[in-house]
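Below, each chain spelled out in residue letters.
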Amino acid sequence: MAAIEARDLIKSFRGTSVLKGVSLNIADGEFVSLVGPSGCGKTTLLRILAGLELQDAGEVSIAGRVVDDLEPKARDVAMVFQSYALYPHLTVAENIAVPLVMRRLTTAGRLPVLGGLMPHVRRARKGIAGEVATVARTLEIEHLLDRKPGQLSGGQRQRVAVARAMVREPKAFLMDEPLSNLDAKLRTQMRAEISQLHRRLGATFVYVTHDQAEAMTMSDRIAVMMGGELLQFGTPDEIYAEPVDIRVAEFIGSPRINVLEARSDGQGAASAGPIAFSLANAKPQGEVVRVAFRPEAAELAAPDTGLAGRVEHTENFGSDLFVHVRAEGAAAPVIVRSRPQGRRAQIGDHVGIKVAPDRLMAFGGDHKRLAAVAA
Amino acid sequence: MSRSIALRRRALLGSALRHVALLLIAAFALLPFVWMVVTSLKPPGEILSSVITWWPKRFYAVENYTAALSTAPLARYLLNGVIVTAAIFFLQVLIALPAAYALAKLRFKGREAVFTLVFFCILIPYHALAVPLFVMFHYMGILNSYAALILPFTISVFGIFLMRQFFMTVPDDLVDAARMDGISEFGIVWRVMLPTAIPAVTALGIFSVVAHWNDYFWPLIALVDDAYFTPSLGVVAFRNQEAGSNYGPLMAAATLIVLPLITAFLLAQRRFIEGITLSGMK
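Sequence order for the protein chains is A and B. 1 is the number of the first residue of the first sequence in our numbering; add one for each residue after it. 376 is the number of the first residue of the second sequence in our numbering; add one for each residue after it.
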């Protein structure tokens, strides 16, 4: 169990800057997701924490100890890879045992025949087999122990990879998109299982994903990364409801947040069509300010109220009905959540959109959140 | 109904034609070999007869094979061949795998340049190196020894290239997982890369063993003492002794010499095709 701290990490590959000074404090036992589009640096950050990659500048400490000069195996963290990375020539039991064998047996003890002749090696092997069996029971893969990875399904391989990480009881688990090779149904199931595993082990988990739904459902806190920078680090609720950057707002949430362009009047007010609001700090006249609101912060209204538009598309999820409205002045259709019950908006209908004033968020030209009050 | 029969008949005819063509090509490759074996079973009179016979009228195998084994120390040559080819292959693997691993999976400055050099080395015919090697070995005083036969071939540039290409297909995650599990870099080569690369190592083995078992050029230059003769040199020494007049024992010796290769190939062939699939890693 350990807290993980990254300070001002900088990394570039062949002149391309991948991490531009990322700092992150992960508490002991916390489940933290690193989320962002591909190429945002999240996997590089994870690999630096693991010791598989060396940062150009900055510092990593695990459990209060700076680990920059330690090799991956000495950092006492385990990693689960996207491709599972099981040893294809070893059985499931042997795969799970590798981390223990490498730690507990000497080179001589690992020799195939000679090792078996030494009594202490035999005792150690027995202990390892017991621990492998325990972990296998926890993950319900006991019946697979004699198979080779090639004979397993994706979900089973995934479990074996987790078992191999679990078996040596590391201080922290680092997971690099472990569910992205699974089909949708299995992914939902494994999501729940990994969350349960985290609660049971109480270990620190750092979980890399590009899937915001995974991050939202599993994490204690989410670190949203983009272009090598950490944009926001907070609980799922904070990230969703109070994004500090418009790129965070756009990345998190499905369907995506609605964004409208507004223009500042130079006196601390701005408006996008009928949606007007005042800014705490006045912006120069004509400067573009963007205003955003979630689909559930808006509702359909009579055609002459609020933002006017025409229904272009509807998506029925059973519990919710999302109505896409082509509104005047909006680049993309505005998405409004409505209830499937009662009268539904039909494609082609002229509607108005009313936005809850307290749910409006304004963002400046530098993507950052602006303090604003709806007028 | 009749249409389907006609179709099937045409397919059958096509397949028959294909097989005839394949049989002809196979016969072209196999006939000299068969002729060698048949000759080794014939008495001298039948060998030189102007009539082609595919089976000896009088079975002369015992005499020919005894002559082959007694007139020259054939067993000794075969043993030399095994020692030399086995040592060469062992050392080639010992050197090529770590080198290929470094070229495929480690990041260091100048890696591409080094790989280009390796690639260029493939282009150098080894005959071009024979004279410098001979002079060098002369000064080192190791001509006319096993070392002289083995050392020039221990670094197989082709082997490094072949293994490097194979290692490129092994996912990086597997290497990283091994590092996380606490396996050292050399440990990764032998415990992770080698087992996954068995098909490629087998391929290298076939090329290497066949080339050096049959090598005539370098042993001829490097050896004087027939105690170190390899099979291909041995069979020639044999022919000189017999001055070409007695083909029966010569063909018997040749048959004995290719036999280990054929057995080895048949045994390796299965492993070659089976291999260990990379599934479970991708």
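It should be emphasised that the hints constitute simulated quantities derived from the structure, not laboratory data. Errors might be hidden in some of the hints.
[What the hints assert, rightly or not] Footprint (simulated), chain B over chain A, 3 or more residues, beta carbon under 8 Å:
1) 69-81
2) 313-326
[Unchecked claim] Computed list of lysine-lysine pairs in DSSO-like fashion (alpha-carbon distance at most 30 Å, straight line):
3) LYS484(B) x LYS20(A)
4) LYS73(A) x LYS20(A)
5) LYS148(A) x LYS185(A)
6) LYS354(A) x LYS368(A)
7) LYS148(A) x LYS480(B)
8) LYS354(A) x LYS20(A)
9) LYS484(B) x LYS73(A)
10) LYS480(B) x LYS171(A)
11) LYS20(A) x LYS480(B)
12) LYS126(A) x LYS148(A)
13) LYS73(A) x LYS185(A)
14) LYS148(A) x LYS171(A)
15) LYS20(A) x LYS126(A)
16) LYS20(A) x LYS148(A)
17) LYS73(A) x LYS126(A)
18) LYS126(A) x LYS185(A)
19) LYS480(B) x LYS73(A)
Cβ atoms here follow ideal geometry from the backbone N, Cα and C, with glycine treated the same way.
Hint check results:
no., hint, in the structure
1, 69-81, "holds (count 7)"
2, 313-326, "violated (count 0)"
3, LYS484(B) x LYS20(A), "24 Å, holds"
4, LYS73(A) x LYS20(A), "26 Å, holds"
5, LYS148(A) x LYS185(A), "24 Å, holds"
6, LYS354(A) x LYS368(A), "25 Å, holds"
7, LYS148(A) x LYS480(B), "25 Å, holds"
8, LYS354(A) x LYS20(A), "40 Å, violated"
9, LYS484(B) x LYS73(A), "25 Å, holds"
10, LYS480(B) x LYS171(A), "28 Å, holds"
11, LYS20(A) x LYS480(B), "26 Å, holds"
12, LYS126(A) x LYS148(A), "21 Å, holds"
13, LYS73(A) x LYS185(A), "34 Å, violated"
14, LYS148(A) x LYS171(A), "28 Å, holds"
15, LYS20(A) x LYS126(A), "48 Å, violated"
16, LYS20(A) x LYS148(A), "42 Å, violated"
17, LYS73(A) x LYS126(A), "23 Å, holds"
18, LYS126(A) x LYS185(A), "37 Å, violated"
19, LYS480(B) x LYS73(A), "18 Å, holds"
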